[in-house]
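Participant: Chains A and B are the protein sequences, given in the same order.
For reference, each letter of the first sequence is one residue, going 1 to 286 in the working numbering.
For reference, each letter of the second sequence is one residue, going 1 to 419 in the working numbering.
Calculated from the structure, these hints are not laboratory results.
Keep in mind that the hints are not guaranteed to be accurate.
Residues of chain A placed beyond 12 Å of chain B at every Cβ, according to the derived structure [to be verified]:
# : residue
1 : Ile-11
2 : Tyr-36
3 : Gly-71
Derived Cβ-Cβ restraints for the label pairs, each shown as a range [stated by the list, open to error]:
#  : chain 1 : residue 1 : chain 2 : residue 2 : range
4  : A       : Tyr-45    : B       : Arg-111   : 31 to 39 Å
5  : A       : Lys-38    : B       : Asp-67    : 42 to 50 Å
6  : A       : Ile-41    : B       : Asp-256   : 51 to 59 Å
7  : B       : Asn-10    : A       : Met-207   : 48 to 56 Å
8  : B       : Asn-308   : A       : Thr-110   : 55 to 63 Å
9  : B       : Lys-352   : A       : Gln-47    : 57 to 65 Å
10 : B       : Lys-148   : A       : Ala-164   : 41 to 49 Å
The calculated BS3-like cross-link candidates involving lysine-lysine, where the alpha carbons are at most 30 Å apart (straight line), are [claimed, not checked]:
#  : chain 1 : residue 1 : chain 2 : residue 2
11 : A       : Lys-38    : B       : Lys-148
12 : B       : Lys-352   : A       : Lys-46
13 : B       : Lys-147   : A       : Lys-46
All residues carry an ideal CB built from backbone N, CA and C; glycine is no exception.
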Amino acid sequence: MSTTNKSWDLIIKPHGKLFSLNLKEIWQYRDLLEMYIKRDIVTFYKQTILGPIWFFIQPIFTTIVFMFVFGGLAHIPTDGIPQPLFYLSGITLWNYFSESLTKTSDTFLTNQAIFGKVYFPRLIAPLSVTITGLIKMFIQFLVFVLVYIYFIAKGTHIAPNLYALLFPVLILILAGLTLGFGILISSMTNKYRDLKFLITFVIQLWMYATPVIYPLSVMVGSNKKYMLLIEANPLTSVMETFKFGFLGQGTFSWFALGYSLLFSIIVLLLGIVVFNRVERSFMDVI
Amino acid sequence: MSEIAIKFENISKQYRLGSIGTGTLSHDLKRWWTVKVRGMEDPYLKINQVNDNDSKAGNDYVWALQDIDFEVKQGEVLGIIGKNGAGKSTLLKILSRVTTPTTGQIMARGRIASLLEVGTGFHPEMTGRENIYMNGSIMGMTKLEIKKKFDEIVDFAGVGRYIDTPVKRYSSGMTVRLGFAIAAHLEPEILIVDEVLAVGDAEFQKKAIGKMHDVSQYQGRTVLFVSHNMTAIEQLCSGVMLIDKGKILLTGNTVDVINAYLKTNTIVSGQIIDAMKICNNQIMVESITINESVSNMIEISPKENKLNIKITGKIAEERRMAIEVRFFDQYDHLQMLFSPGHLYGQIKLYKKGNFEMNETIILPDMLTKNEFRLTVDITQPNIEILVSFPNSVKVICKGIQGHTGLEFPATNCGLLMLK
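Based on the sequences and whatever the hints tell you, model everything.
Facilitator: Below, the structure is given as structure tokens:
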């Protein structure tokens with residue numbers, strides 16, 4: 001048994017390290033990641049007439065519904081920002097978060113068949129969902145930009161500022177939160193499936209705790225008792241910073257943004273630790 | 001050539017029986033408490049339960065594999081045989097990293113790819129072309145490698161015309177062929193094959209065996225091959241390992257291990273009725289005899305080549321029934337069938353209450369020295385099996401002798417001598 005371990009390419013052991021991200025292996029499987037992303041995007045509009053146009057239609061429809069329900073019926077103010085722009089900005093970010101989170105939290109269940117037969121770094125699956133979501137979000141961001149240009153051309157008073165340059169940071173925070181929460185939940189639903197049902201409700205409620213359909217300033221004035229919850233929500237500062245940067249209205253604080261960033265990193269690390277524990281033995285449990 | 005490709009060291013795998021979900025949290029906590037916090041031995045690991053599927057285990061934990069310790073040399077084609085549930089697939093699953101061992105470790109040289117089931121991960125909406133890339137990358141090939149092999153794969157699968165059609169429009173045969181073609185063109189140093197030959201038609205199976213032969217013989221790759229098909233194992237493997245109840249029973253020369261395995265498969269002497277499986281509760285069997293003996297060991301000779309089967313019992317309502325007998329040889333191949341109901345189309349009607357069935361099978365008079373295992377069924381032909389006695393009788397056929405007193409064993413003469 002004294003063979004030097006160095007000469008082996010692969011050693012399979014009962015338990016891995018607590019934290020082993022193994023980026024090298026993920027890099028080796030980058031083609032698979034690419035295929036997964038391609039598959040998700042291509043199959044999204046297979047056998048549809050409008051094809052990729054659906055990527056644009058989705059946020060537009062939701063915006064119209066929001067304008068009718070929250071703007072028209074409920075009269076929730078939008079901080080003086082034109083309603084389409086206000087809702088579109090919220091929807092673009094929120095949709096990415098909610099869709100990707102729902103999908104990643106199902107990782108083990110949907111990929112059961114493949115995971116049970118072939119080995120590849122399991123993280124590829126949730127990672128691909130997060131990236132596919134990002135691509136979709138960029139497409140929808142284009143819709144936002146078009147509407148944005150339209151309103152500026154019309155002469156509406158919008159005051160974008162340098163904080164708009166924080167956009168990539170916002171995306172990173174959001175992606176980290178999505179992936180982190182997603183793999184955390186998927187690791188747990190693997191064993192206790194109750195969570196799967198719970199998560200749909202949680203995501204719905206979560207939207208109302210995030211300034212998607214209302215500006216934060218409204219809440220500060222009228223609903224002080226919920227402020228703690230809303231401020232503890234790491235998505236709040238992401239939404240507000242986005243609106244502040246692009247639309248010139250909203251609340252911005254470095255502290256809140258830093259909190260979200262830290263939150264995102266912690267969730268992501270925690271998610272990876274738990275995911276690593278689960279991925280190795282999930283086949284015996286699922 | 002003699003370099004070791006895979007080394008298993010004390011591999012064991014424990015499974016928990018029963019439902020997982022409710023109540024596991026408490027078990028998990030208990031386990032975590034004793035092992036991690038108090039630093040004691042895992043209480044669930046100490047139980048020395050073997051992997052025995054028949055007796056209902058009193059304990060919730062079972063060892064699917066225990067102390068598996070062996071090496072595979074590079075270029076070797078190792079067959080793994082054993083009964084269903086012996087732990088063969090678990091072993092391959094651990095090696096292909098789908099699940100982890102509970103104890104021990106495996107060390108391997110080179111890339112491992114498994115051919116556990118062809119067509120895994122096909123997306124029905126994507127075209128054949130897209131699926132080749134998708135499936136190839138799932139198996140661990142890079143895009144460049146797939147591109148190089150692309151034409152070969154399409155050729156082997158014979159789906160050239162349909163390559164840009166969504167896979168959901170493919171026939172099941174085409175899907176399987178495409179799946180196998182991709183897997184067969186992988187170039188891993190270690191290939192794991194589990195029962196793939198069970199799918200596909202005869203022609204495809206031949207192609208598949210041929211391909212596996214090429215892979216091992218000419219390309220020097222190591223292959224681990226699990227199958228119940230002894231003929232395929234004999235053709236392909238340079239060595240065989242026999243697993244039983246999660247432990248290695250025997251390793252060695254292909255023919256020897258296969259023979260040893262087939263011997264474990266034989267019937268233990270007893271009464272025929274012990275093997276009874278009732279499939280319809282409207283019927284009760286009280287006795288079954290062959291040649292007026294309740295024993296399940298029957299000897300026949302060229303002079304005495306009849307089997308008289310008598311079954312008595314009760315039925316709850318009147319029904320048509322017939323006896324069917326299947327003769328399996330030592331390699332588990334079905335060789336002969338006795339079914340008067342199908343042959344003559346006359347099925348006797350039995351009245352409610354007591355019944356007695358009586359059939360005589362007249363065997364060919366030129367049978368060679370051989371052994372058969374019989375499965376006796378009471379059926380309503382073409383409708384259902386009422387009672388079954390699977391693998392219940394061993395028929396020892398003495399076989400004819402030549403004029404010089406020469407014996408003709410079935411192993412080198414076949415089933416019958418011809419006149």
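Participant: It remains to establish, for every hint, whether it holds in the given structure.
Facilitator: Here's how the hints hold up against the structure:
no.: 1; hint: Ile-11; result: violated (5 Å)
no.: 2; hint: Tyr-36; result: violated (8 Å)
no.: 3; hint: Gly-71; result: holds (38 Å)
no.: 4; hint: A:Tyr-45 / B:Arg-111: 31 to 39 Å; result: holds (35 Å)
no.: 5; hint: A:Lys-38 / B:Asp-67: 42 to 50 Å; result: holds (45 Å)
no.: 6; hint: A:Ile-41 / B:Asp-256: 51 to 59 Å; result: holds (55 Å)
no.: 7; hint: B:Asn-10 / A:Met-207: 48 to 56 Å; result: holds (52 Å)
no.: 8; hint: B:Asn-308 / A:Thr-110: 55 to 63 Å; result: holds (59 Å)
no.: 9; hint: B:Lys-352 / A:Gln-47: 57 to 65 Å; result: holds (59 Å)
no.: 10; hint: B:Lys-148 / A:Ala-164: 41 to 49 Å; result: holds (46 Å)
no.: 11; hint: A:Lys-38 / B:Lys-148; result: holds (20 Å)
no.: 12; hint: B:Lys-352 / A:Lys-46; result: violated (62 Å)
no.: 13; hint: B:Lys-147 / A:Lys-46; result: holds (24 Å)
Checked against the numbered hints given earlier, this structure breaks hints 1, 2, 12; the rest are met.
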